[in-house]
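Residue numbering for the sequence shown is 1 to 76, as defined by this note's numbering.
What the hints contain is simulated information worked out from the structure, not anything from laboratory work. Be a bit skeptical, because a hint or two may be false.
[Claimed, not checked] Derived EDC-like pairs: lysine to aspartate or glutamate, alpha-carbon spacing no greater than 20 Å straight-line:
1. 59 with 72
2. 32 with 65
3. 15 with 45
4. 32 with 63
[To be verified] Label-pair restraints from in silico Cβ distances:
5. 29 with 50: 16 to 22 Å
6. 70 with 19: 15 to 21 Å
7. 59 with 15: 18 to 24 Å
8. 68 with 47: 15 to 21 Å
Positions of the beta carbon are idealized from the N, C-alpha and C atoms, including for glycine.
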Amino acid sequence: MFGLFRSKPRSKIGKWLDARGISQEWLVSKSKVSRTTISKIASDDKYSPTLPTIKKIMKAIKEVDPAAKPDDFFDM
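Please model the complete structure; the sequences and the hints are all you need to start from.
Dropping the structure here:
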């Protein structure tokens, strides 16, 4: 019974995806970044992806939100 209502940890990107009803699979497909990496990025605020990975993710995000900036999601 305990734990049924706990929400999963979400990073800024995870919250952004959730707010728009976009799946992590969509981001995997659009960015060509591995499912494991996207999962880590969406759930762990401390995870710091490489610059090439950030560029791939931002390219996909900008298809939905052209005004999005890397600083909105990543500590740079």
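Hints versus structure:
1. 59 with 72: The given pair, whose Cα atoms are some 14 Å apart, holds under the 20 Å limit.
2. 32 with 65: Answer holds: residue 32 to residue 65 is near 18 Å, not above 20 Å.
3. 15 with 45: holds, 11 Å
4. 32 with 63: holds, 14 Å
5. 29 with 50: 16 to 22 Å: Check passed, 20 Å falls within 16 to 22 Å.
6. 70 with 19: 15 to 21 Å: Roughly 18 Å apart at Cβ, these two residues keep to the hinted range, so it holds.
7. 59 with 15: 18 to 24 Å: About 20 Å separates the Cβ atoms of residue 59 and residue 15, which means 18 to 24 Å holds.
8. 68 with 47: 15 to 21 Å: holds, 18 Å
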